[in-house]
Structures are given as C-alpha cells and as structure tokens.
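Work out the full structure: start from the sequences and follow the hints.
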Amino acid sequence: AAAPHDDTVKLAKIPTTNNAHLGTEAYKDAYPLQYKSFMKNNEGAPSPTGFGGAQPENSHLKNQPEMLENFKGYKFAIQYDDDRGHTYAGKDILSSKRRPGQKGSCIVCKSSYMYDVYYKDSGWDFASKPFDDIAAPIAADQWFGCSSCHDPETMQLRIYNVGFVDSMARRGIDVKTASHNDMRAYVCAQCHTEYYFTKEDGRVNMPYDNGYDAEAEFQFYQSGQAGGFQQDWIHADSKTPMLKAQHPDFEAWVTGVHADAGVTCVDCHMPYVRENGRKYTSHWMTSPLKTINESCLKCHDESAETLTARVKTIHENTFKLQRIAGQTVSKAHLTIQAAMNSGATDAQLAQARLKLREAQWYWDWVAAENGVGFHNPDRIMRTLGLAIDLAHQSIEEANAVVKGSL
Amino acid sequence: AAAPHDDTVKLAKIPTTNNAHLGTEAYKDAYPLQYKSFMKNNEGAPSPTGFGGAQPENSHLKNQPEMLENFKGYKFAIQYDDDRGHTYAGKDILSSKRRPGQKGSCIVCKSSYMYDVYYKDSGWDFASKPFDDIAAPIAADQWFGCSSCHDPETMQLRIYNVGFVDSMARRGIDVKTASHNDMRAYVCAQCHTEYYFTKEDGRVNMPYDNGYDAEAEFQFYQSGQAGGFQQDWIHADSKTPMLKAQHPDFEAWVTGVHADAGVTCVDCHMPYVRENGRKYTSHWMTSPLKTINESCLKCHDESAETLTARVKTIHENTFKLQRIAGQTVSKAHLTIQAAMNSGATDAQLAQARLKLREAQWYWDWVAAENGVGFHNPDRIMRTLGLAIDLAHQSIEEANAVVKGSL
Amino acid sequence: MDFKQYVSEHTLKCLAGGFVIGALVMGVGSVMVSATGGPAFCGSCHAMKEPAASHAMATHKDRDCVECHLPHDNPAIYLIEKGRTGMIDTYHEVLRDYPAHIQLSKGAKETVNKNCLRCHQTTVERVKMGAAPMDTGDCMKCHSRVAHGSNHLEGGIKVE
Ligand SMILES: [Ca+2]
Ligand SMILES: [Ca+2]
Numbered sequence: 001a002a003a004p005h006d007d008t009v010k011l012a013k014i015p016t017t018n019n020a021h022l023g024t025e026a027y028k029d030a031y032p033l034q035y036k037s038f039m040k041n042n043e044g045a046p047s048p049t050g051f052g053g054a055q056p057e058n059s060h061l062k063n064q065p066e067m068l069e070n071f072k073g074y075k076f077a078i079q080y081d082d083d084r085g086h087t088y089a090g091k092d093i094l095s096s097k098r099r100p101g102q103k104g105s106c107i108v109c110k111s112s113y114m115y116d117v118y119y120k121d122s123g124w125d126f127a128s129k130p131f132d133d134i135a136a137p138i139a140a141d142q143w144f145g146c147s148s149c150h151d152p153e154t155m156q157l158r159i160y161n162v163g164f165v166d167s168m169a170r171r172g173i174d175v176k177t178a179s180h181n182d183m184r185a186y187v188c189a190q191c192h193t194e195y196y197f198t199k200e201d202g203r204v205n206m207p208y209d210n211g212y213d214a215e216a217e218f219q220f221y222q223s224g225q226a227g228g229f230q231q232d233w234i235h236a237d238s239k240t241p242m243l244k245a246q247h248p249d250f251e252a253w254v255t256g257v258h259a260d261a262g263v264t265c266v267d268c269h270m271p272y273v274r275e276n277g278r279k280y281t282s283h284w285m286t287s288p289l290k291t292i293n294e295s296c297l298k299c300h301d302e303s304a305e306t307l308t309a310r311v312k313t314i315h316e317n318t319f320k321l322q323r324i325a326g327q328t329v330s331k332a333h334l335t336i337q338a339a340m341n342s343g344a345t346d347a348q349l350a351q352a353r354l355k356l357r358e359a360q361w362y363w364d365w366v367a368a369e370n371g372v373g374f375h376n377p378d379r380i381m382r383t384l385g386l387a388i389d390l391a392h393q394s395i396e397e398a399n400a401v402v403k404g405s406l
Numbered sequence: 407a408a409a410p411h412d413d414t415v416k417l418a419k420i421p422t423t424n425n426a427h428l429g430t431e432a433y434k435d436a437y438p439l440q441y442k443s444f445m446k447n448n449e450g451a452p453s454p455t456g457f458g459g460a461q462p463e464n465s466h467l468k469n470q471p472e473m474l475e476n477f478k479g480y481k482f483a484i485q486y487d488d489d490r491g492h493t494y495a496g497k498d499i500l501s502s503k504r505r506p507g508q509k510g511s512c513i514v515c516k517s518s519y520m521y522d523v524y525y526k527d528s529g530w531d532f533a534s535k536p537f538d539d540i541a542a543p544i545a546a547d548q549w550f551g552c553s554s555c556h557d558p559e560t561m562q563l564r565i566y567n568v569g570f571v572d573s574m575a576r577r578g579i580d581v582k583t584a585s586h587n588d589m590r591a592y593v594c595a596q597c598h599t600e601y602y603f604t605k606e607d608g609r610v611n612m613p614y615d616n617g618y619d620a621e622a623e624f625q626f627y628q629s630g631q632a633g634g635f636q637q638d639w640i641h642a643d644s645k646t647p648m649l650k651a652q653h654p655d656f657e658a659w660v661t662g663v664h665a666d667a668g669v670t671c672v673d674c675h676m677p678y679v680r681e682n683g684r685k686y687t688s689h690w691m692t693s694p695l696k697t698i699n700e701s702c703l704k705c706h707d708e709s710a711e712t713l714t715a716r717v718k719t720i721h722e723n724t725f726k727l728q729r730i731a732g733q734t735v736s737k738a739h740l741t742i743q744a745a746m747n748s749g750a751t752d753a754q755l756a757q758a759r760l761k762l763r764e765a766q767w768y769w770d771w772v773a774a775e776n777g778v779g780f781h782n783p784d785r786i787m788r789t790l791g792l793a794i795d796l797a798h799q800s801i802e803e804a805n806a807v808v809k810g811s812l
Numbered sequence: 813m814d815f816k817q818y819v820s821e822h823t824l825k826c827l828a829g830g831f832v833i834g835a836l837v838m839g840v841g842s843v844m845v846s847a848t849g850g851p852a853f854c855g856s857c858h859a860m861k862e863p864a865a866s867h868a869m870a871t872h873k874d875r876d877c878v879e880c881h882l883p884h885d886n887p888a889i890y891l892i893e894k895g896r897t898g899m900i901d902t903y904h905e906v907l908r909d910y911p912a913h914i915q916l917s918k919g920a921k922e923t924v925n926k927n928c929l930r931c932h933q934t935t936v937e938r939v940k941m942g943a944a945p946m947d948t949g950d951c952m953k954c955h956s957r958v959a960h961g962s963n964h965l966e967g968g969i970k971v972e
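Protein chains in written order, with our numbering: chain A, 1 to 406; chain B, 407 to 812; chain C, 813 to 972.
Hints are computed from structural coordinates only; laboratory data are not their basis. Take these hints with a grain of salt, some might be off.
Unchecked claim - DSS-like mimics (lysine-lysine), calculated; alpha carbons at most 30 Å apart, straight line:
| # | chain 1 | residue 1 | chain 2 | residue 2 |
| --- | --- | --- | --- | --- |
| 1 | B | K509 | A | K244 |
| 2 | C | K873 | A | K298 |
| 3 | B | K582 | A | K403 |
| 4 | C | K953 | A | K290 |
What follows is the structure, encoded as structure tokens:
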C-alpha cells in the first residue's frame, strides 16, 4: 500500500553487516537528497511562533515551573525538555536525567533495533530488561535511522512498533492494509502518541479502545482496560496515584479539521520540495512554519504572515489556558497535602484525589501534545477547560473536608 | 463605496408616503427576488446542527436553566429566547416579557424608524422616552424593513445606527469610507454586537475602545470608559453589580479565521443564489447550513456532511464548556449569598464579587454570541476557560471569608 | 554545477534565450499563437505541471490557459503581454528559483478577473460585483478552485 513513489524511486541494496541498515549512513549514497535533508534535523533553530522550536535545553520545567510541583516524585520533575530533531533521539535519551533505572521498553520509539533485532529474536522479552543492557549494542548511528520509517528492503513505509499495530487492531484497524494516505500519518503515530507499559510484560500499548480523545483515554485507564497498570507514580505531596500523558500528537490531530480533509503529518512536516525541478520528500521534520511555502501555502491562499499570525494566536489562546490549568493543578496538590496535614483521612480525600488525577490528566494531555493547540484547537481547548474545572473542584473538595463549605 | 449594483441594476423610486420606504411591501414589485427570499425569514425550521435554529419559543432559559439563577433580579430571567428571522424583530420585541418599562433606545436595532424619523428630527432624544410611546407610530411592516440595511434612495448598503458609527470612529475607523467588502460585515455589525446605553442620554454605544474581544470589553467597563454606566443590574442573590453581554457576533467573527480571509457575514448568511442563470443575493438570513451548497461549498471542498459534522463538533465542544461555566457561575452566586447569610461583610466579599462579575461576563459573552463557537473557536473557548477559572476563584474566595481555607 | 550557478554565470545568454523565445511567440503568426495557449504548451514546463494537472481536473478544463491568463482587451496588448510574461516565465524556469507554490501577482489577478467577466458578465450583472469585481475581493475569493481544482479535496493532496 505504501510504496514511496512506487516504481519511480530506484531501489538500492542497503548493506546489513553490523546492522548498518538500521542507521542512516548506509543510505547516504543511494538517497542523497533525503539523506541531506534528514541531516538538517541537526539544526537547532527556534520556531517563528516562539513556541516549540528545536533549541537544545529548551526546558519545559523552566518555561512552566508549575510542572515541578505537578510531577513531584516522578522523573519528569528532574528533566523534561521540548523535543528537537530526530537525529537527537538517541543522544537525548542517553543523556536524559530520566534514563537511570529505566527498562528496555524505552528504546521502542528511539530505534528500530527494537524490532529488527530484539523483537524478531524473542518478542517483547527485551522490554522488561534493564535499559542500559538493551541500549548497549545500539551504535550512535542506529538510534534513529531511515529504518524507523522505511522497510530497508523495499523502502516502503512501515510500522515497526508492534504495540501500535496491536492497539489499532483492537479498534478494528489493520494497519498492514492501510491506504497510502493513512500510512503518511500512522508512520508518525506509532511514536507520536500516548502509551503505557503493560504491567504484565512491559510491552508498549496505546489506550485507544474507547476513542482517541483525552476523555476516552482517561476512561480506558479508569475502567481497568489497562490490565494491571493503574498509575505511573504516586504524587509526592498529595499522595494521589497519577497518570503521565505522553505526546498524544496523533490523537489530537486525528479528530481535527486537517485530518477531516485527509491532511497528514507528512503533508505539513515533510512537504515535497524540489531540487533541479524534481520533487522529493523533505526529511527535515520540524516546525512546518520554517517551510511555510511548501508546507502550508500549497493549500492555503492566505499570505505567510497571516497564516503564521493565526497559528501564533491559536498557540497563545492554548497556552493561556494551559498555564491556568497547570497552576490550578499545582494548587490542588498543595491543598490536599495541607488537608492531610490537618488530619484528613484517605477516605475523606478520595474524591478530591480522583478529581485531581483527572484534572492533571487533561492538563498534561495538552501540555505533552506538541502542536500547542494547532493540531485541533477547539478539542484541545475543551480538554483544558475540563482540567481547570476539575482542579478547582478538587481544591474545593479538600477544603470542604477540613474546613467545611458554604 | 457600497453600491449594490452600480449601474447594472435598475433603481426604483420607492414611495415615502406614511414612511412606506421604511417597510418591505413598498419594495415588493421593484425587487421581487430579494423580497421573496426575505419573506422566507418567516419560516421556522430548526438548524441541522441542533443548535440555534429559528423555531418560535426556543427558550434559552429552558435549555440552560442555570440562566434563571445567573440573571436573577434582571429581565433576562423572565424571558430570553433564541433569535429567529428578521421578519419577527418587531413582533418579538412587542410581545417580549422584557418589554414593559423599557425606553425608546430599544427600537434602535429593530427599525430604521429610529434614524429616518426620530434621529433626523431630534438626535438621541427618543432614546430616554418611554418605549411604548416611541414604538406606537411604527407600523407592523416598518419594524424591520429593507431600509434596515439599504439607503431607500440609492439602495446602497448603509449604517443607520449612529451609535455604531461613533463607536467605530473612536477606533479610527470611518465606516462612511469603508470598502464594499467591509460594508458586508458592518451592515450586520451595527446590530449584532455588544452594546450599552449611556447613563448620560441613553444612546447606544459599543465598548470597542480597547479591542474587540471579551477581555478588552471587560476592561472598558472596569476602567470607567463607559462614563456613568457601571452595571446593568444588581444580582438578586449575590448582590453583585452585573453586566449583561449582548450578541457580540461581530466581535467574535472579526478576529477569527474567516475574517482573516475576508469572508463576511453576508458571504455565509446571504449567499448568492440564481434565478434564470442570473445571480441575486439571498435575503433569507438564517443558519448557513440550511443553504450549505451556496454558503460554504463554493469555498470549501469537503462534503456537506463532513462540514456540517465539523460545525456540530465545534458547537458541542463550546456548549460543553458553556454549561460548566454557566453552572459554576450559578454556584458562585449562591455561595456568596450563603456567605452573606453567615455574616460576611461587603468589604470581605468585594474580591469574590469582582471575580464573579468578570466570570459571568465571559460566560455570558459566549452564551449571548450566536455562533455557538463557530465564529471563532479558540477565542471563544479561551473566554469560557477564563469564566470557569474565575467563577471557581469566586467560590473559593467566598468560602475562605467564612470558613477559612487550607 | 547547478542551474542557479549556470545562469548567474551566463546571465546574458539566458536572458537572450528568453528574449528569443518571447520574440518568437510575438513574431510568429496566429497559428503559432493558438498553439501556445493551451495546456499542452503551457504545461510543458516543470513550473506549470501542477497548475496544468489541477486545471485538467477542474470544471474549466476545456478552456485554454490564455483564455484566463492573458488580457483580451485588444489583440496588440494580448501579444505584447504574451511575450512579456513568456520571457519572465522562461527566465525563472531556467533559474529554477520560483517558489514551491506560485501565486498570482496582483496584476495577474486583475487579468483573470476581467476574463471571468468576459464569459460570465450576464450571470453577475445584477449584483454588485458585475461592474467592479476587484472591489468585492474578486471572483477568486469564492471561486478560486473552478480553474485549478484544489488541494483541499478529502483524501489529501491529489495533485502530486
Ligand atoms: Ca520541538
Ligand atoms: Ca436562531
């Protein structure tokens, strides 16, 4: 279904010695245009909107200090950065202060080594082993390579993340028979999505069963559909069992206006560009506003300025509510802690904690999503509205337990 | 600037005896197509989205009972209906339970009698006189006629509502020299906008000075820019000085994505239609989804189903937060009342009331806007997010005054 | 050596080449003129492949490109304009420096609008835009896709 330009692209035989086909260098001579543009992922420029961007050490914790409270007791309070180019995927996980103590499952979205070596050999066994052991054999070049998206033999787009394949199957979607257009989203979706590690064997799974939005995913975790998995951690201050949301870019996009029109991640983030009059797919996956002519103006008649300003406006409206939601969630953690200090029991605080867990989930779902609202404005804003409401309800509830209420 | 057809359409001499030119019948023979389509405003069909529509007695108070609390002590708690066709403008104001006790200013947006007779004669004098006296000479046919939008002599679009002209002038915009395209929005904006009656002489004025959005308009009222006008009423339960927002359709639209692209009210609500291969402007101003082919599909390539579903999704996301905001505002009124009953003083409750006033303003701005989010989704959702946050803050504040807080 | 380098080192030659093509178009008779106004000729350039492909899918696929994109006020202006724009097109085609998505310049929009009216005056003559389309934001505000289909179709980009 998903041949890149079918017969028009000359197929090269990529060497497999030392798993060279899991890297990028082995493809350099055969596909120079794609290789060269992929290397642009090393560039670290800010976004014209002032949100996102690809600078090193662009710390979420610095830009939104409320995260320090909200993730207290969990690794995300130690280091949590804005994402940057794909070429950094390996470097950044290896140097992340979140790495120590992790399991093999963390390599799933950082290298197709997961599939081409480990999974083919012994299924999900690698997932529960220590990260450092599993990561050791992966060479620098193999952390994120062409094989993350392409079948090295056919150069067709492929989904190697078996967790995504299984999760989609539970929704009745067979990604093996997906249309070419759908593949242009699924190939990103396999990583750019909310996930959790199953309690049973540590495999990667997605909570899609009830639908793709934040509310449906919360329901998934609440109703026991995640099996033994119940929380990511217990919050240090409020002692609430928390969920961490991770980059639900796919889920945000899929119910939005662009997905309605069949516009995929690739259309915006990997537009067709030209060299010597011939088109090829840009492999610089970054803010589409850096390539607005190719990414947006092929469909939109507005000027580049109008369109950039519009994206910025959506970002600003989103970020305004995101900060309010995040800060109210922080206050709720502290209020529940204060209630505990005043002698409130777990039974008395159950409601307040449940509301806080849900509130933080909605806030985090948006904060972890990378489009800062753009991928689905009204859906994202709805999610933030729910977060604000629930966080306040939690605060009011905790106060009521100790102080009573009017 | 705004001739509806320059030399191409025959101009008819419209009789002025008994102010016939302020009605519709006098235009019937000269402009049969426009007349006939204008009469379709009498049709009372629901909208395909299930929101809005043009049914009689479609009561906001029934669909959102929280309004009964939120408007307590003010006329809007007695009767407040969804709008319907322009042909009902006179009928509905005369039969409204909100009518008794009103002033002449209420006729401003119901009939150009305001301008062509009263204003031309003696300026804004009519505005402070009793409504019933001012309304008495206006014949059934003259309540909303062709002259509401057209200069009866030239048939050009015109703005007769002097209050709008003055308010725009304060923003540096001279509507007399507006482009034709801008006129296709201003002609609606003169009525479909937030307004207040000045304390000084009861004239209609718009709070545009700091910007068009809900936050800028709130700042206008807070900073004394409205002169002697400080509130619409004192809330019966919470004793808070309240503002009522009224149909800010223009303000919602003007910073949205369609306005960016120069798409005006008329493009959607009065599309071109054809008879015998020639175009004329539909004068059935209603939900554009009833004429989705002419209203939307000329610019959009999505199917009618996809587009209708999208509008409905935006409505649903908006309405979800709108209900939460409205209900939280209700709770805030009751909480402040309870605080008063427990002996809290006005000084102690000042902060809680101020937050409630602002919260309700934001909620009402959206509830009174007629696009149910569509005219500017992320802006509207931001406004609702602020409402939810502030209403809860008010509740927490009032509780803290009496019960203390953690 | 890439094209840009080639052209910047041989600017004069290229301009002369462009001029010759333009002059040819202007100079040759009406047979040549009509042979160089349709999708087959216009679509022969790389830059024009996408407009030609989208045109082929549009309701106006039976109208020649020049029906819309050249002024039809009188034959002399038509020919001068054809030569002038032909040279510009050729220059940028050789340079390969045209943007990913070419957009109509202001003058080109006016030309197109006048041509819409040439065929559709009767349809619009009873509404405001009949006399002065540009004032209403032009025909393209609502009909930009009648001539080139669209990339907005459900199912994503069709023209690639
Ligand atoms: Ca980034
Ligand atoms: Ca209505």
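These are the hints, each one checked on the structure:
Between the alpha carbons of K509 of chain B and K244 of chain A the distance comes to roughly 58 Å, so the proposed pair goes past 30 Å and is violated. Our distance criterion of 30 Å between C-alpha atoms is met by K873 of chain C and K298 of chain A, whose separation comes to about 20 Å. Distance check on the hinted pair: K582 of chain B and K403 of chain A sit about 61 Å apart at the alpha-carbon level, beyond 30 Å; violated. Between K953 of chain C and K290 of chain A the alpha-carbon distance is near 27 Å, which keeps this suggested pair within the 30 Å criterion.
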